[in-house]
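Next come the chains, spelled out residue by residue.
Number of protein chains: 2
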Amino acid sequence: MNSNVTEFCRQCGKPLASRVPDGDNRERGVCTACGFIQYDNPKNIVGCLLEWQGKVLLCKRAIEPRHGYWTLPAGFMENNETTLEGAAREAHEEAHAQCDNLRLFGVYNLPRISQVYLMFFGRLRDGFAEAGDETLEVKLFKESEIPWKDLAFPVVTESLNRYYEMCEERSRQVHYADILNRPGEPLIIQRLP
Amino acid sequence: MNSNVTEFCRQCGKPLASRVPDGDNRERGVCTACGFIQYDNPKNIVGCLLEWQGKVLLCKRAIEPRHGYWTLPAGFMENNETTLEGAAREAHEEAHAQCDNLRLFGVYNLPRISQVYLMFFGRLRDGFAEAGDETLEVKLFKESEIPWKDLAFPVVTESLNRYYEMCEERSRQVHYADILNRPGEPLIIQRLP
Numbered sequence: 001m002n003s004n005v006t007e008f009c010r011q012c013g014k015p016l017a018s019r020v021p022d023g024d025n026r027e028r029g030v031c032t033a034c035g036f037i038q039y040d041n042p043k044n045i046v047g048c049l050l051e052w053q054g055k056v057l058l059c060k061r062a063i064e065p066r067h068g069y070w071t072l073p074a075g076f077m078e079n080n081e082t083t084l085e086g087a088a089r090e091a092h093e094e095a096h097a098q099c100d101n102l103r104l105f106g107v108y109n110l111p112r113i114s115q116v117y118l119m120f121f122g123r124l125r126d127g128f129a130e131a132g133d134e135t136l137e138v139k140l141f142k143e144s145e146i147p148w149k150d151l152a153f154p155v156v157t158e159s160l161n162r163y164y165e166m167c168e169e170r171s172r173q174v175h176y177a178d179i180l181n182r183p184g185e186p187l188i189i190q191r192l193p
Numbered sequence: 001m002n003s004n005v006t007e008f009c010r011q012c013g014k015p016l017a018s019r020v021p022d023g024d025n026r027e028r029g030v031c032t033a034c035g036f037i038q039y040d041n042p043k044n045i046v047g048c049l050l051e052w053q054g055k056v057l058l059c060k061r062a063i064e065p066r067h068g069y070w071t072l073p074a075g076f077m078e079n080n081e082t083t084l085e086g087a088a089r090e091a092h093e094e095a096h097a098q099c100d101n102l103r104l105f106g107v108y109n110l111p112r113i114s115q116v117y118l119m120f121f122g123r124l125r126d127g128f129a130e131a132g133d134e135t136l137e138v139k140l141f142k143e144s145e146i147p148w149k150d151l152a153f154p155v156v157t158e159s160l161n162r163y164y165e166m167c168e169e170r171s172r173q174v175h176y177a178d179i180l181n182r183p184g185e186p187l188i189i190q191r192l193p
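Chains as they are written, first to last, in this note's numbering: chain A, 1 to 193; chain B, 1 to 193.
Please keep in mind that the hints were generated in silico from the structure rather than gathered at the bench.
Careful: at least some of the hints might be erroneous.
No copy labels: a pair is met if it fits in one copy or bridges any two.
25 angstroms max Cα-Cα, derived SDA-like pairs, lysine to any residue [claimed, not checked]: (1) Lys139 with Asp24; (2) Lys14 with Cys34; (3) Lys43 with Ser18; (4) Lys60 with Asp22; (5) Lys14 with Leu140; (6) Lys43 with Arg182; (7) Lys14 with Ile189.
Starting from the given sequences, assemble the full structure and let the hints guide the process.
This is the structure:
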């Protein structure tokens, strides 16, 4: 159960109780009236690192958390889309960008906040982008211009680090890591093979 | 909103109405009393393909859907775990198996049912497995013995196909595909680079 929300049953509106359902091994919210079980599971964030003529597209966030910091276009995956479709949708919503040749680039676990990032790499079509509703400003950055201290989230830092390593190694490996620090704190990243 | 459930607010128990929240672009369940917004997002299934002496571990399902069909150990990812930890947990719950050297192997989108499978490859420690509560029987299969017609889900078929391709190619690529058919129907799989 999410301790931030006093929980009621989605199915009938009566209160939930915290209880281990039959055949389960952990506490869930179980409806005291109709027996409905409320499962809460991690959410996926889908996004992309778009390249054009050696530059990378970043967006300055117009919303909290991390208002005013730079991020890669990314957001919550929606029902009935694929991870790739979601990444392309986010690029369009946040930066009015079209993507070509998207491919899975990194899978990053954020167990502290129960999120999984699925990041894609691709080409920014025609080099065109402009700020969407959740974005103050979009900009294409050369490696030497990346605002490392003003990146919104550790996963953005790690994605960019991996991207520049990939450029050096010319590899197409999918990166996998656990990201354990909070935004603004020193990076704690466990990379796995 | 999930049309299977007459929706009430998790926060206050009053009815939800289907409405596009301010700043959003799709309908959500919005509480008519307190304004709480109910977001429903895809769920991750984490699982693993475990190998021992050239054989692969499969589990015969003791639960619906697809009771009696063979599957790879896999299940819903839980909050506050990584995808790899979840895959190892499922192997233990469903087959009392311990895993070594797990690495991400495949990411499969099932947009029809809003699921993403994250499958890992690894070694089955000591070749030991036995049926957990949700499993009728566990067995190690050689390639020639795989019960292709009695596999539970298309994602199991695709994972095994990719595994045997990987063995031939000796590649460590992470596979990515959209799986579009229902269980028991002919495979409709869109593989992406």
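These are the hints, each one checked on the structure:
1. Lys139 with Asp24: between (49 angstroms within a copy, 24 angstroms between copies)
2. Lys14 with Cys34: This pair counts as both: shortest intra-copy Cα distance 8 angstroms, inter-copy 16 angstroms.
3. Lys43 with Ser18: both (21 angstroms within a copy, 21 angstroms between copies)
4. Lys60 with Asp22: For Lys60 and Asp22, the Cα distance is within 25 angstroms only across copies (21 angstroms; inside one copy 47 angstroms).
5. Lys14 with Leu140: neither (51 angstroms within a copy, 46 angstroms between copies)
6. Lys43 with Arg182: both (17 angstroms within a copy, 24 angstroms between copies)
7. Lys14 with Ile189: Neither way: Lys14 and Ile189 sit 42 angstroms apart in one copy and 42 angstroms across, limit 25 angstroms.
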